[in-house]
Amino acid sequence: MVDTNELLSLDDLHAAGSVRSGRKHVLSVLVENKPGVLTRVSGLFTRRGFNIDTLSVGPTDDERISRITLTLDGASQPIDQVTKQLHKLINVLKIKDLQPAETVARELALFKVSCDPQTRSEIRELAEVFRGKIVDIGKKSIIAEITGERSKIEAFEKLVRPYGLVEMIRTGEVAISRGREET
Amino acid sequence: MRAVDAIMECLKAEGVDVVFGYPGGANLPTYDAFYDAGIHHVLVRHEAGAGHAAEGYAKATGRVGVAFGTSGPGATNLVTPIMDAMMDSVPVVFFTGQVRTELLGTDGFQEADTIGITMPAVKHSFLITDPREIPRTIHEAFHIASTGRPGPVVVDLPMDLTKADIPYEPVTDVQLPGYQPRTAGNAKQIRQAARALAAARRPVFYTGGGVISAGAHESLRELVREGGFPITSTLMGLGAYPAPDPQWLGMLGMHGTRAANYAVDEADLLVAIGCRFDDRVTGKLSEFAPRAKYIHIDVDPAEISKNIPAHIPIVGDAKLILPKLLEDYRTLDADKARMDDWWQRIHTWQDRHPLSYEPGENGEIKPQQVIQAIYNVTGGEAIISSDVGQHQMWAAQYFHYPEPRRWINSGGLGTMGFGLPAAIGAQMGMPDMLNVVVTGDGSIQMNIQELATIRQENIPVKVVILNNGYLGMVRQWQELFWQERYSQVDMHTFGGEEAFPDFVKLADAYGIRGLRLTESASLEDDLRAAFEAEGPAFIDVRVTRDEKVYPMIAPGEAARNMVG
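Quick note, the sequences are listed as chains W and F, same order. Using my numbering, the first residue of the first sequence is number 17, and each one after it goes up by one. Using my numbering, the first residue of the second sequence is number 77, and each one after it goes up by one.
No wet-lab data here; the hints were simulated from the structure. Wrong hints could be hidden among the right ones.
Here are the simulated DSS-like cross-link-like pairs (lysine-lysine), alpha carbons at most 27 Å apart as the crow flies [unchecked claim]:
#: 1; chain 1: W; residue 1: 50; chain 2: W; residue 2: 128
#: 2; chain 1: W; residue 1: 40; chain 2: W; residue 2: 155
#: 3; chain 1: F; residue 1: 581; chain 2: W; residue 2: 104
#: 4; chain 1: W; residue 1: 156; chain 2: W; residue 2: 168
#: 5; chain 1: W; residue 1: 100; chain 2: F; residue 2: 239
#: 6; chain 1: W; residue 1: 100; chain 2: F; residue 2: 412
#: 7; chain 1: W; residue 1: 110; chain 2: F; residue 2: 264
#: 8; chain 1: W; residue 1: 100; chain 2: F; residue 2: 400
#: 9; chain 1: F; residue 1: 264; chain 2: W; residue 2: 104
#: 10; chain 1: W; residue 1: 100; chain 2: W; residue 2: 112
#: 11; chain 1: W; residue 1: 149; chain 2: W; residue 2: 110
#: 12; chain 1: W; residue 1: 168; chain 2: W; residue 2: 40
#: 13; chain 1: F; residue 1: 264; chain 2: W; residue 2: 100
#: 14; chain 1: F; residue 1: 395; chain 2: F; residue 2: 412
#: 15; chain 1: F; residue 1: 264; chain 2: W; residue 2: 112
#: 16; chain 1: W; residue 1: 50; chain 2: W; residue 2: 149
#: 17; chain 1: W; residue 1: 112; chain 2: W; residue 2: 128
#: 18; chain 1: F; residue 1: 264; chain 2: F; residue 2: 412
#: 19; chain 1: W; residue 1: 174; chain 2: W; residue 2: 156
#: 20; chain 1: W; residue 1: 104; chain 2: W; residue 2: 128
#: 21; chain 1: F; residue 1: 239; chain 2: W; residue 2: 50
#: 22; chain 1: W; residue 1: 128; chain 2: W; residue 2: 156
#: 23; chain 1: F; residue 1: 400; chain 2: F; residue 2: 412
#: 24; chain 1: F; residue 1: 264; chain 2: F; residue 2: 360
#: 25; chain 1: W; residue 1: 168; chain 2: W; residue 2: 112
#: 26; chain 1: W; residue 1: 100; chain 2: W; residue 2: 50
#: 27; chain 1: W; residue 1: 104; chain 2: W; residue 2: 50
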């Protein structure tokens, strides 16, 4: 036990805060389900010059509350400033900076790929390897649905691109913490 | 009960005695309720006047100011005061009319997306969608505006909903699950701050408007006096610590005193309370107080470490924290003599660099002299509302504010046209105080229509125009940094027959006493006579045209390189 009365040396004081972590962050933000809340959140990011990589929003088990999942780059902005500014929004109820090791994160993507009778089966096989699903088959194209972490989706994209990627859509990541505790 | 009558009940329940506003189509129901609600409504001449008056009221009294405007242009005219209140953390609730709900989104007559337009400028806003929500929403709006870090709240009221009949029951509790401003302050951090103070040999207190918002000036004074610490403040914080005073260094920042700026530059510990390290205070950020460790006390956690990382952050209400800090500091029994050398150094700066100006020649009036005369005439017992520009800086430098809430100005947003309407609000809130507007020939013309409001309400404010015929601050920058290329700064308010407008005649047109002062020798007596006479006065003081505000930290420069 240190005697707090003992004289402190100012040299021993170190500044905290505004540190750039340099890694990706996933913020899980619980907000009141009211009109304009998403605009307040996205407007705040624009105004303060924060960059969002992905943003997804959806209902929770409580109809009065929505969850916004944000992924941000901790190298380009201090995440503590982001969370503090978010907390100032009256409609923001709770923010959690999810730790990568304790988080399950998933994203869904749809890929529309050009095909002919021969490549069609190749693409189907690729989708199977990725535990994806073929959700539409046409004469000249095929749509595959892939769910997983960002890296998995990006890997699949790389594989099908040579066949002719007509278009692709991704939901942005949603995330939830592991274990019994609520996110 | 009609929803609008419920609004009146809610205002009364919040203790509102005066509001400022302007009627129109979409808020007709509200104005019908004002007809016999028994609330004093001040009819302004432009919605911006209403907003700034509500700010002035709030700044002078510490209570929530209230402004009303109609939809569309009424609301957009309120945007400047809303942003102004946001920047300076002023508790104001703005009520805007809105088109009928069935017209929303159809570009109806006088429709504007008020919530959307004001979103980046508010602490919070509400669009009413159900008339039964109105009473609760109003109380939530007042609660949000006045607690934590104060700020503006907008309540947008679609016309049809305000006409609806609703069951009204007084609301006694407010529940906002996403809003719990932290107040107490972490005891360990406070202890650590006390130890740092006891260890510091070159400490400086740097306080801001937050000390005044918190009502923490008494505890601040006690702590600073007992510890024998030097203290400076931001523009917004003037009056929290009384001036003049042996421990008071004068204002900090771009046009602060050399003593204050040099002291911060050499400090080993900076105690920042209720302030936000604004660029007008810090100059070049990387060279601001480069030798110091920072204690930062603020009720808004987002301000701490926003611009400069703090060594000892304390989130909370200064009114609760400062007494604890003093208590902890006392137990450390620190020796004041450790600061002897420091005070000696500060005194050297004070002796060598007092605020000064060359006296006018041939009876010419210097603008600084006008502020000194106002101070001498009032003995500091006045509320000074200022506009924005050179006169604002001189009013900050040469008037010594003995108490908080005596200095009302637009600091963060720097809104020209703020002063006159703000003084209307201040006078309504503090009817027994002498209210003086310090303004310039540029600023006063930005909301000069409020002279009609003054006349109608017989508000006895004394308007002192430091008339140099220029947009003086812009001209100063053009002279110093733009090779004397004086672009668009001549206001033509100075000179002989051809000057316009003639402020004395203008005042006369409004039925207000106008006078022109040009003689240095009789300045103080003339001002005294004008202040002592009953009713409002509009005083055109002709001052040296090319006087500059000094000293000055040039933009982007370090404090130690002050000029002038």
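For each hint, the structure was consulted:
1. 50/W <-> 128/W: Judged against 27 Å, a Cα distance of about 35 Å means the pair is violated.
2. 40/W <-> 155/W: violated (40 Å)
3. 581/F <-> 104/W: violated (49 Å)
4. 156/W <-> 168/W: holds (25 Å)
5. 100/W <-> 239/F: violated (40 Å)
6. 100/W <-> 412/F: violated (38 Å)
7. 110/W <-> 264/F: Satisfied, since the Cα-Cα distance of roughly 25 Å is no more than 27 Å.
8. 100/W <-> 400/F: Since the Cα atoms of residue 100/W and residue 400/F sit roughly 25 Å apart, the hinted pair holds (cutoff 27 Å).
9. 264/F <-> 104/W: OK: residue 264/F and residue 104/W at ~24 Å, within 27 Å.
10. 100/W <-> 112/W: holds (11 Å)
11. 149/W <-> 110/W: violated (35 Å)
12. 168/W <-> 40/W: holds (16 Å)
13. 264/F <-> 100/W: holds (21 Å)
14. 395/F <-> 412/F: Answer holds: residue 395/F to residue 412/F is near 25 Å, not above 27 Å.
15. 264/F <-> 112/W: holds (25 Å)
16. 50/W <-> 149/W: With a Cα-Cα distance of about 35 Å, the restraint between residue 50/W and residue 149/W is violated, given a limit of 27 Å.
17. 112/W <-> 128/W: violated (35 Å)
18. 264/F <-> 412/F: holds (24 Å)
19. 174/W <-> 156/W: holds (20 Å)
20. 104/W <-> 128/W: Given that 27 Å is the threshold and the Cα spacing comes to 41 Å, the pair is violated.
21. 239/F <-> 50/W: Roughly 24 Å between the alpha carbons, so the hint for residue 239/F and residue 50/W holds.
22. 128/W <-> 156/W: holds (10 Å)
23. 400/F <-> 412/F: With Cα atoms ~20 Å apart, residue 400/F and residue 412/F stay inside 27 Å; holds.
24. 264/F <-> 360/F: Not OK: residue 264/F and residue 360/F at ~32 Å, beyond 27 Å, violated.
25. 168/W <-> 112/W: Cα-Cα ~24 Å, so holds.
26. 100/W <-> 50/W: holds (21 Å)
27. 104/W <-> 50/W: With a Cα-Cα distance of about 16 Å, the restraint between residue 104/W and residue 50/W holds, given a limit of 27 Å.
The structure fails hints 1, 2, 3, 5, 6, 11, 16, 17, 20 and 24 (numbered hints given earlier, in ascending order).
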